[in-house]
Amino acid sequence: MKPAPFAYTAPTTLEDALRALDNGGDAAKVLAGGQSLVPLMNFRLVEIELLVDLNRIAGLAYIRPQNGWLAVGAMTRAREVERSDVAAAEVPLLRTALRFVGHPQIRNQGTVCGSIAHADPAAEMPAVATALGASMVIRSVEGERVVPASEFFVRYLTTCMAPNEMLVEVRFPRSSEQSGHAFVEHSRRHGDFAIVGVAATVETDANGVCRAARVALAGVDPRPFDASDVASSLVGTAVTEAHANEVGQRVAALLDPRGDIHATARYRRRMAAVLVRRALISAAGDPAARDAI
Amino acid sequence: MTVPGGASSTGVFANAQDKVEIAVTVNGFPYTRTVEPRKLLADFLREDLRLTGTHLGCEHGVCGACTVRVNGRAVRSCLMFAIQVDGAQLSTVEGLAPRDGLSIIQDAFHEYHALQCGFCTPGFLMTTAELLADSPDPTDEEIVSALSGNLCRCTGYVSIVAAVRAAAERMRSDEATA
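Chains as they are written, first to last, in this note's numbering: chain P, 799 to 1091; chain U, 849 to 1026.
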């Protein structure tokens, strides 16, 4: 339960980090918060030849509202985002969902971007990024590219990033004032990975008629499952219990989850239907009711 | 093993077999040691500094027995490398007690029987220390939430929550009379 030997570098500029990553090839990995990576190293499920520590690089931790999105830098700790009033105002789903991420000690050190780059489909942040249609800013020695969440997450623990690429920023679209949000999760203990988790946003007009709905699920697929197509059938209607239930059933029917020691496939499908319904009702309803679920 | 060239000339660099010198302050005392990059912070505290109050329960970040504070923040020392804390200020359970007696938090744990075997206790104490530094008057819900990252197999947690509540109250009243 100790990591295998590895070479280590802690550069002080992003350019140096990108160069180190480029030279290191397949066996080089970035260290941000380490809350996902180091357990794997301790188990020796991953053996790294070069660890590129980002913690000495200034200017990578930020929460900036700009141009219609909230930009979160690579080294921004989950705790900072959870406590940020700016983030809560611009993208309220983040604070709600972060309460389910691990435990306080994990959130003190772990980063939002790190969780997204790690791409565990049972984690909360990838589902949030998918539900919101976030964009990932990726850099390497070759330059920068921006990839939407729908292309970023490929499968279990795998993103579209090449070994020499690094996620430097995530851009979360800012929520409109008419938009409600919800994050509901089922797990054995609070703080565990989700058996099933659902992130939802619903925008309604002054009469309570749905104008937009987005839903993404954690824990049911090798990548966050975007169920927004199904949820969009709510547009133009009032989000009633019956409607939300129907959407939940239709989403569940699309799923082909894996059974494992935590839950059978059938159980995940059942829970998905229930949690999608609850998340939609919550997101469409009274803000005060949101955190009660 | 040699690392492909081009790694940074600024900042730290170490090959796998190298040892790197680090300087840390733990509970107010400065220490300088040389460590392999892969040395976990928890093992560094226990083996290199002989501060064995920090315990290892799972070595993958779920049990909380290894919780220490790095620059004030409660973190899993089994998920950090010693080499990362070069230049940092650390607090461990050994630093809680004053010269004579126990700290308020430790005293409350004693009074409310918030420990049996004591294995998880250092982790709970460090987590509590951060909680009460951030929130001097936490609700029960906030206490439970803050402690959710520390597992105890002996007590059933009720006495631990009671101890934290009592410690918070005593610290507040001490503040008021100070």
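Just so you know, not all the hints are guaranteed correct.
[Claimed, not checked] Here are the computed lysine-lysine pairs in the DSSO-like style, where the Cα-Cα straight-line distance is at most 30 Å:
| hint | chain 1 | residue 1 | chain 2 | residue 2 |
| --- | --- | --- | --- | --- |
| 1 | U | 867 | P | 827 |
| 2 | P | 827 | P | 800 |
| 3 | U | 867 | P | 800 |
Think of the hints as simulated: they come from the structure by calculation, not from any bench.
Inset, instruction - Sort out whether residue 827 of chain P lies within 30 Å of residue 867 of chain U, counting only the CA atoms. - result: holds, 20 Å
Legend entry - Agreement of residue 867 of chain U and residue 800 of chain P with the hint, judged by alpha carbon distance not exceeding 30 Å: holds, 17 Å
Inset, instruction - Given the hint that residue 827 of chain P pairs with residue 800 of chain P, test it: the Cα-Cα distance must not exceed 30 Å. - result: Holds, at about 17 Å.
The structure agrees with every numbered hint stated previously.
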